[in-house]
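K.L.:
Chains as they are written, first to last, in the working numbering: chain A, 109 to 419; chain B, 1187 to 1442.
What the hints contain is simulated information worked out from the structure, not anything from laboratory work. Hints may contain errors.
Some chain B residues close to chain A (C-beta under 10 Å, calculated; not the full set) [unchecked claim]:
1. Pro1190
2. Lys1277
3. Arg1280
4. Leu1299
What you are looking at is a predicted structure, and each value in this text was computed from that prediction instead of being measured. We put the beta carbon where it would ideally sit given N, CA and C, even for glycine.
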Amino acid sequence: MTAAGDTVIEVRGLHKAYGEFEAVRGIDLAIARGEVFAFLGPNGAGKTTTVEVLEGYRQRSAGEVSVLGADPAEAGRAWRQRIGIVLQECRMEPVLTVRETMSLYAGYYSRPREVAETIELVGLTASADVRAGDLSGGQRRRLDVALALIGDPELLFLDEPTTGFDPSARRQAWEVIASLRELGKTVFLTTHYMEEAQYLADRVAIIRAGEIVAEGRPSQLGGRADAATTIRFGLPDGLGPGDLPAAVGEVAIRPGGAGGATLEVATTAPIPALNALTAWALERGIELRGLEVSRPTLEDVYLELTQESAG
Amino acid sequence: MSAPALALHQFRFDQRVFWRSPASVFFTVMLPLIFLFIFTGLFGDETIDEYGGIKVSTYYVPGIITLAVVSATMQSLAINLTEARESGRLKRIRSTPLPAWAFVAGRVGNAFLISVLMTVLVTLIGHFFFDVAIPTRTIPALLLTLVVGAFTFSCLGFALTAAIPSQEAAPPIANVTLLPLYFLSGVFIPDNQIPDGVLHFADVFPVRHFFLAFFEGFDPNTTGAGFAWGHLAVLALWGAIGLLLAARYFRWAPRR
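Sequences are here, hints too, so could you generate the full structure?
P.N.:
Encoded structure:
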């Protein structure tokens, strides 16, 4: 038993090797009840291998794994009553309708949710009598999620739930997943879309080449909270960095941009710098062309973390 | 749900899927009946001297029952299980509390029901259209043959699935395995027209023994209760081999 009754997934030193190749190289994770956790990384980074170890599909090479208080490699039917899984790819029986498919799966569990209500939850009520083979890609995914929910699980695994979707289908899937939070479910999600992690997750871990390279709230990942803010602007002809007050800070010149060079200030104290800059400009009636204040996006952090070369 | 109730639940949905799938209904139900009408319609009134002058129609009824049962079990299971595996459905079912054996029982139950239905259908069509006697005396022997054969070819269906790499490969592999055996075993061509050497070769495989066990039940010259114990023993041995291979090599996860 884990010390905290509210830790749903606990992983220490997880390794998984396929022959010579080490797909997962020492991962530690702790996921609390009710948390939506995103495992983010490029293809081949070890996401699916890790999630399949947690689901009980794969045997690990080394490390300790506890999911809902049990070792997934040895867990039985009672444990499977408590989890729900959406696989990366799964086509349901094409000749059964949504409602029939849901009834089939409901019968596998001892205390299933109500079929009609679960279909409603994923927004498929209007298609309840449509055969699975006739559903659109987005609708099929919603059926997948509904099937994972029908046993009323405590923990859901979603392996790349929106890969290959167009933007509107992705948005629909996100809304369904976001609604799982309101049901109090713990969700373990893998994805290679940062916006998806940002939109859905309470906490994100970034995996690269089998190792976790960053972990935290999406807003703070990779030191985003403390990272320098960038102020960009252009000055009218005849004025240069030398004309600015010292309180603005150190100014770099970036060539290009419409109407001349762009000036750039990187600072960890953006408010005094902006105040000095705008007060100076107001006083002189100067237009700060294309003024922009930006912080690194999750995408910047992600690209930086996952594209670091091995050497 | 209790364990048998789970198997019954799975079976009910497997039945629904079977009857709604045009390919299943055509290849498993219609095609054997089409063969019955063609073969018996063309050659049914000829006689076979080697079997004491019985009519060819009397020979074809057990032949087509053999074809229909093998098709409902081994062929259908191999093709449908491969599709279910490659679509990710089998893997997904393994993540639910449904016990593996309940899933297997549902599928095999489905194959058995279709086998019984086809046996009855072919027998009745043989009787009413082609005047083939219904062998009431050997019914217990025919039922035993049906059960042993359906079991054997279901096991072989699960075993063959393990050897099929992709959904596209399933129908050709199943046909390449079975079609030659139908010809060599005297299912499509009366065996008095097949050389002895070929029949000895076919004797190694289960289709020939399944057919001969059925034929013994339908042959009007059979004197006893019609139990073909030798053939049933070979069939059961093949079933055991299939069961071992299936237990060892059957996989739930897609191979792609």
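K.L.:
It remains to establish, for every hint, whether it holds in the given structure.
P.N.:
Evaluated hints:
The interface hint given for proline 1190 of chain B is violated, since its Cβ lies 13 Å from the closest Cβ of chain A, which is over the 10 Å cut-off. Given hint, lysine 1277 of chain B at the interface with chain A, holds; its Cβ is 6 Å from that chain's nearest Cβ, closer than 10 Å. Here the hint on arginine 1280 of chain B is kept, as its CB sits about 8 Å from the closest CB of chain A, short of 10 Å. Hint status for leucine 1299 of chain B: violated, given a least beta-carbon distance of 18 Å to chain A, over 10 Å.
Against the hints set out earlier in the document, violations occur for numbers 1 and 4.
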